[in-house]
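Peer 1: Let chain A serve as the given structure and place chain D on it in line with the hints.
Chains A and D, in that order, give the protein sequences.
Taking our numbering, I'd label the letters of the first sequence as residues 10 to 284.
Taking our numbering, I'd label the letters of the second sequence as residues 2 to 296.
Just to be clear, a hint being listed does not mean it is correct.
Looking from chain A toward chain D, a few residues come up when the C-beta cut is under 7 Å (computed) [as the list claims (entries may be wrong)]: (1) Ser45; (2) Ile46; (3) Leu47; (4) Ala141; (5) Leu229; (6) Tyr240.
Sample of chain D residues with no beta-carbon within 10 Å of chain A, all distances over it, derived [as the list claims (entries may be wrong)]: (7) Arg26; (8) Leu87; (9) Pro143; (10) Val212.
Source of the hints: derived by calculation from the structure; they are not laboratory data.
The model shown is predicted, which means the values in this text are computed figures rather than measured ones.
In this text, a Cβ means the ideal position worked out from N, Cα and C, and glycines have one as well.
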Amino acid sequence: MSGVSPSVASSSLAGVGGGRRALADRQTVLVLSLVSILGALVLWQITSTLVYRSILFPSFIKTAGALVATAREGLLLRDISATLSRVLIGFLVGSVGGVTLGLLMGSVPLVRTFFDPYLNFFRFVTPIAWIAPATIWFGVGETSRLFLVVYATIFIILVNTMAGVTRIHRDRVRMARAFGARSWQVFVYITLPATLPFILTGMRIGMGNSFMTVIGAEMLAGNNGLGYLIYSSRIYFKSDVMFATILILGILGFFADRVFDVAQRRFFWRYRAGH
Amino acid sequence: MSPNAASSGVTARDTNTRRPAPAPRRPTAWEHVRGALQDGRIRTPLIYGLSLLAVLGGWQFAAHRFRLLLLFPPPSATFERFVALLLDGSIEKASAVSLLRILAGFLVGSLAGILLGLLLGSSRLARALLEPYVHFFRFVPPLAWFAPVLLWFGIGEKARILLIVYTTVFAVALNAMAGVAAVSRNKIRMARAFGARPFQVFVLITLPASVPYIFTGMRVAMGNSFMTVVAAEMLAAGEGLGYLVNTGVIFLDTTTVFSGVIALGILGFTTDRVFRWLIRRFGGRFTAGPFAFDQ
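Here chain D stands alone, though its shape is the one from the complex:
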């Protein structure tokens, strides 16, 4: 129903006259369009569509108009290349290699980070002793360790996975620590009042309340792991998405570079959605305070 029709119905009832209510006017075509435009379910995809059309069209036009086909290939050429790389399986293979590297390092790093964070959050002694290191190392960019790790372990899978472990562990530890610190006092007091022992308080109160924070830390760490793995693959690797992008640079094949970038964007987006879902799913029970990033 268009908004016009709705308001005329209201006036008829309110005035309460003997005259029969005027027959509802059939909304004109324009009113139909306007009503649809005010509906978010139609409006948003419409703007998305227009936006994509405008930007991709502008890109295509600019690439042809200014003859930048090599430096700035048009979307048609990029898309063609992307599909070709998909069909011959090279994007899938590179993505799988990069993702497996991330996953291996990420799991180890998350586990270590959770344990470290819970320890730091629960014990004042541990915090006093270990916090300086956490605060020092979390500011040393993972890539700074690339050179030493290469010297220690050689150019191998171990080196790259170790770098991802390093990338993950501090972000997760800091968030887990904050999660423990943010547990509402009253919840702990209540559990104590009902006779819970410290161990029970930890397992039944502290741990579940920290879960949303831990997931937030893991979400951050996942984003950073992508950065580390891509750089590591560009510097020293024979496969993976970073390597794929790098070969594009060496052969000045910009479409391959763009295809790699697109694949990275899609992967990053998907993994982030998974974490967003996890936070929503498990954050409902123990709200973790304001997240600035659940957009």
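For reference, chain A alone in the conformation it holds in the complex:
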């Protein structure tokens, strides 16, 4: 469904260069970013208290207050853990499935051709659409929501893994063969490590997709989770709770992405040569 080339995924462009100048540059960027964030928060506060006063546009302080209040009630923690566990379980199942199928389809042309039509059909059906069949099949419950997250994860990882396997340098495989490696050794020592960066790219995008999907699933068919918290706040016009939840979603997504960023840098550094 979605794709970013590996180079695009490593997003922080600041601080390219070397030595002391890079350090000074990085500090300047950091200071500027902090100033920008503080400025925006102040602007938000002023706009919402002086210019556009409305219950529909809560100020920053009110949002922060709602954040603390919801956290005190224990609602926030419950909803965060509900959403995160859904994302994590669905993502893990989807990753294992996607990597396994991707390696299989990448390595065996017959299997690839056999499943190609389905892959190319299902990966273009948006995950949210499956909430309808899922609720008919599994009812409005945890299984439906997990099904959606697995669905949102599996295809992007599968496609990436497959692309990684089919894109391995022929010469590497030939070299391993010439040194007497057997098929499984080629797979373990050449194919698997060379595919790793592609798998990680797929997982990173899959993680973003699962966040997107889980929010939709919780809004459409949920009784807890951050998506449900946002959507149910609408009924009581609790716009400050909505904004607090949005803040949390942004922060959670950012950190989930950071994990993959670090992992990717590590592995890209080692296996860059082949690409």
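Peer 2: Below, chain D alone, put in the same frame as chain A:
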């Protein structure tokens, strides 16, 4: 020619004896079949056909065997319903409504994303000031904005289109930014050496080199827009593919649900092909590095 016939011809020439070359043996029927099977142009469609036959046949059989006609209708019933919905025009109408929504939001979002991305890529100051926001908002799922947008703008077309603009803008901006950053230094140096001013470097070098990246971002954004529009239509709309699927759930009409899903798959596939073609067409001139997704 079957591979056997080819190899026998080679041996005859190589041995270079006085004996006349043995008359080429007529390939047997089996060899014909085997040769055809090794030809990708015949082999691939054949496997596709077998695969479709196996899966659709298995589905049809399982649906009848386990009497899941309501929960898991067989392909025949689904196909019948799909054709019926096509003939009475409801799929076309729903698709047109959904596509128009996507298109309106997508165009605005792409334009904003391209401008934002080029700005962020070209100016260090802009990047330092705005990058934190891009990185914050791109992790807030578009659907999380559904509730606030509904409060601000009401349940209307404006709300749904705004959500698609939001879905599009960050994916496009990030890719455009990466495109600017990935322009080869030597190209810029060359243009400078030939006396190009910064403006000319931007228009003649940076912009065309970013085009493949921008298209990649738009391709990603298009996929995500489908997700947003379907969810938005399921939650609050009177027409569109999301609404069509949702009515199927309410009346427990699984064939309609499946028909909607099939229509979504076809639309998603087609729009993705269009972008793939655009990337191939315009990516040739300024190669954009490895795409993991041009499968």
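Peer 1: It remains to establish, for every hint, whether it holds in the given structure.
Peer 2: Going down the list of hints, with the structure as the test:
1. The interface hint given for Ser45(A) holds, since its Cβ lies 4 Å from the closest Cβ of chain D, which is under the 7 Å cut-off.
2. With 7 Å as the threshold, the beta carbon of Ile46(A) comes within range of chain D, its nearest partner Cβ sitting at about 6 Å, so the hint holds.
3. The criterion of a C-beta within 7 Å of any C-beta in chain D is not met by Leu47(A), whose closest approach is roughly 11 Å, and the hint is violated.
4. For the restraint placing Ala141(A) at the interface with chain D, the shortest Cβ-Cβ distance is roughly 5 Å, inside the 7 Å limit, so the hint holds.
5. Hint status for Leu229(A) relative to chain D: holds, with the closest Cβ pair at about 6 Å, below 7 Å.
6. A least Cβ separation of about 5 Å between Tyr240(A) and chain D falls short of the 7 Å threshold, and the interface hint therefore holds.
7. With 10 Å as the threshold on Cβ separation, the claim that Arg26(D) sits away from chain A holds: the shortest Cβ distance comes to roughly 30 Å.
8. Listed as a non-interface residue, Leu87(D) keeps its Cβ farther than 10 Å from every Cβ of chain A; the least gap is roughly 17 Å.
9. Distance check on Pro143(D): its Cβ comes as close as 7 Å (rounded) to a Cβ of chain A, failing to clear the 10 Å threshold; non-interface status is violated.
10. Separation of Val212(D) from chain A is adequate, the least Cβ-Cβ distance of about 14 Å exceeding the 10 Å criterion.
The structure fails to meet hints 3 and 9 from the earlier list, while all remaining hints are met.
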